[in-house]
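Given the coordinates of chain A, assemble chain B onto it according to the supplied hints.
Residue numbers (this note's numbering), protein chains in the order written: chain A, 154 to 467; chain B, 149 to 373.
Since the hints were made in silico from the structure, they are not lab data.
The C-beta atom is built at its ideal place from N, Cα and C for all residues, glycine as well.
Derived CB-CB ranges, DEER-like:
1. B:H352 to A:A189: 52 to 62 Å
2. A:T432 to B:R183: 17 to 27 Å
3. A:F440 to B:H240: 22 to 32 Å
Take a look at the letters that make up each chain.
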Amino acid sequence: MNWLLAVIQTLLFVALAPLLSGWLKWCKCHLQNRNAPSLLQPYRDLLKLIRKQPVVAEHASWIFTRSPYIIFSAMVLAASVVPLIALDLPTAASADVIVLVGFFAFARFFLALAGLDIGTAFGGMGSSREMTISSLAEPAMLMAVFTLTMTASTTNLSLAITHVLNEGLVLRPSFVFAMFALILVAIAETGRVPVDNPTTHLELTMIHEAMILEYSGRHLALIEWASQLKLMLYGVLIANIFLPWGIAQDFSFHALGYGLLAISCKLAALAIFLAISETLVAKMRLFRVQEYLSFAYLLGLLGMLSHIILEASR
Amino acid sequence: MNIEQQDFYTQAILSMAALVGLTSFLMLGQGRLLRLIFVFALQGLLLTLTTALAAYSLNSPHLYISAMMTLILKVIFIPWMLRRQVLLMNMHRDVEALKNNTAVMLGGAGLMVFSYYVLHPIVQTSSAIMLNALAVSLSVVLLGMLLMISHRQAVAHVVGFMAIENGLFFAAIVATKGMPMVVELGVAFDVLVAAVLFGIFFFHIRTSIDSLDVDRMNRLHEVDQ
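Pulled out of the complex, with its shape left as it was, chain A reads as follows (with noise of 0.2 Å):
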């Protein structure tokens, strides 16, 4: 039964992940005033890409190929790490935290790997600058999460958000700061604005995009959905570590609908401010980006320190 549950959450996840893509391009549509395309459009975009036949280039290795099956795989059991809607998965007790970074980088180093092997120059550029800002963001990421954790004295995160839920509210000045590293640092991680645009085609914008550049067909639409899971993932994880009122803590029909609910809630919450701070916020220059993380690793390290000194027993 428990185990039917994880499948179905993860299931769940993969499902919803081009949902969210979509809702947050409809509200960054409205908010700049143009016509939004169907909530559904992310979804109609990976059936046609899936059904067109994928165009390899003559020089690939079986690393340009492969990488798709395994960005997408790596994707999707990061996705059963994470509580969406119940705690005390048997999957979540299988693998904690850090794990969940090792899987991002994972993902990243064969996505890096597949933009190197085709020998064009633009997967070249964009595998290193992708390496370059990966390099920054995972040490703040580290710091954030680990905030979280020595408050909870566990790497697990079913456990910790278990250990958040019980204790109610406290203001916690480090749970502040993680949290805003941690938004800034999944900004950088899925390539959202002030860091990458994920819509453009520009030599002088493209991260994310121009590693990608070469893939067609459903190996393309698998690339498409791992990055929107990737977003979602961490839309997730920030909603339930720093705010996980609504999660289900037991296996009742009830607390499992009421779980559904709250976290599309505030997932819905979190792709508006998304929207709102794209809309606003002009993409910055590719060498201003390491102020911009160094700013996140200094928001987590002053997480850290102010959970070492203003809440830790003395």
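For chain B alone, coordinates are given in the frame of chain A:
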């Protein structure tokens, strides 16, 4: 004593202290003058909220008056005046290139740890909240000094000076339930006069060396060489 055992007031004060510390860090890394002044006003707003919170929970109504004074002086009047002067002198488009920004930020984090280290010996004689608030306010003072050292524009120096005053004010509110009203009025008046005087000095420095970059003062000589 852990934070989850403290009452709500203590948690709120600690969160405010952390946010005040964060605004100090934000000021330290800011290259644009208008944004620097905005963050300074934000710090003033946090101080106002802290004072109002202290007044409510400690049941001492005279703190409402100092909250009002903080609101009027540090959130509205001084930022407005600094902003007007920056706009008048046409400096709002200048971006101050900070030399090794990251090192300054890490130095700031080091100063925060240092202020906790300094205040650690008084753990035995005071409550946890007082220790934390004092340490944060000491670090706000030190960060204000670092701001004055690392920036070159005279306007940034003034903001750093005011931030130092903010740190002292925060310590006074949290640790001793506010200073006596006379002292507070005197300090507020001093700050006001200082702000006006600084405004006059800006224009004098500007007319004599044609810039507000204080590094250029090093090159001043009494006689022409």
